Each structure stands twice: as structure tokens, then as C-alpha cells.
Amino acid sequence: EDQVTQSPEALRLQEGESSSLNCSYTVSGLRGLFWYRQDPGKGPEFLFTLYSAGEEKEKERLKATLTKKESFLHITAPKPEDSATYLCAVQALNSGAGSYQLTFGKGTKLSVIP
Amino acid sequence: DTEVTQTPKHLVMGMTNKKSLKCEQHMGHRAMYWYKQKAKKPPELMFVYSYEKLSINESVPSRFSPECPNSSLLNLHLHALQPEDSALYLCASSQGGENTEAFFGQGTRLTVV
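Protein sequences appear in the order of chains Z and R. This note's numbering applies: residue 906 is where the first sequence begins, and numbers increase by one. This note's numbering applies: residue 85 is where the second sequence begins, and numbers increase by one.
Calculated from the structure, these hints are not laboratory results. A hint or two may mislead.
Reference listing, derived: stretches of chain Z covered by chain R, where coverage requires no fewer than 3 residues with Cβ under 8 angstroms from a Cβ of chain R [claimed, not checked]:
| no. | stretch |
| --- | --- |
| 1 | 936-943 |
| 2 | 946-952 |
| 3 | 1009-1019 |
Since this is a predicted model, take the numbers as computed values, not measurements. Just so you know, even glycine gets a beta-carbon here, dropped at the ideal spot from N, CA and C.
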């Protein structure tokens, strides 16, 4: 069974204090790993897709990296507006249905204190 | 444009009501999804439509009935729901095939009373 585990569950940072969020996964036939940001009561906002080990992508203060077993979301000098829940999802083949689907982790709730 | 539009934003319904949730995208995506999300939990997949055909139904009770009238529209028909069905219902779309880079709508907050 495909599994996605995110850590920590919650993270409080002072503004400007850099840190990393972790997403570890076990999946058969990984096709891609996705990072989303979700604000309370809103739909997830797409951030990054990573397809192969060693790949890195950046967007403003965020940088995502991928290894064969895990992904990291690095947050550099965070601001209060970066406060949100960050979700990791893996894409794998549902062989029974013959189509691909996402399996989400439980997320990391990030709070950035001014 | 990476917009997925869901209506209504909020819905309160009684257990004997029939209502529908609507989702629309104009990105030319050929896969559309319904997810259910409870508070402080990740989204859970309910249904997947691929090229307007239902390809995944994750053992969802029959009181939830999906419909894909065309490649841009996705509906979720609700009937005889239970209070535990109250949740945020999210629609998403992706290009389809091996590309499941999914874009989500803002969701419908459903309360069953």
C-alpha cells in the first residue's frame, strides 16, 4: 500500500528563521511527487512537481528537493504570510483502474511568528 | 489560467434534501476529480473521471453520485446525506494520462443538518 508520511505535524518559526519540512514515501511505481499549500477553508494551491531523484525546484522563499525515499521543502527566511498547511502527495498508478492518482500525506502546519 | 471554479461555496442541506455540487475548468484538462476533506485531515479521493469516463470510485456510498456531462464540467449529486458527510468537497483537474499535476478549486463547504 502506498504511504506518505510528513513531519513534523506542526512547526512554529520566527520570521526569518529558515527550516525544512519532510515528506517520506513508499510507493510502487512513483511517477511524481507534488507539494501543495493550503490555507484554512480553501483548496490546495499547487506549488511544485518533482519527477526524479536529484531534482530541485524553487519559487520565491520555497525550494523543493527529491531523493529516492523522501522530499524536502526548504523555507528560507519565512514571512508570516507563509503560514499555511503544506501538503505532499505522490502520484502512482492504480493498476486496478488503469489510471494515475494522488495519495496525500497529512500535512505540516506551519506558523510563522512576526 | 489555472482556475477550477466550484459552486456553491457553502451549502447547508437537510438529510432528506437533494442537491448538486458543480465544478468547471477551461484548461483543456481531460481528468477531473472529487475529493472529500474533513477538518485537519488530508484530502481523500472519491472519484476520478478520465476522458469523461468514470475510472476510479473509491468505495464511495451511493448517496454520492458523480456526473461528467462534458470535458469541462463535473457534478456531484447528493441525496440522503448523513451529518458525518459534512466536509469540504474539493474538485480538481489535470491534463490526464500520466500527468496528474492537479489544480484544485476552492471547495464547497457542506454542512448536513
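For each hint, the structure was consulted:
1. 936-943: With 4 residues closer than 8 angstroms to chain R, the stretch 936-943 of chain Z meets the three-residue bar; holds.
2. 946-952: Satisfied; 6 residues make the cut.
3. 1009-1019: Held - the stretch 1009-1019 of chain Z has 4 residues with a Cβ nearer than 8 angstroms to chain R, which meets the minimum of three.
Hint compliance for this structure: every hint is met.
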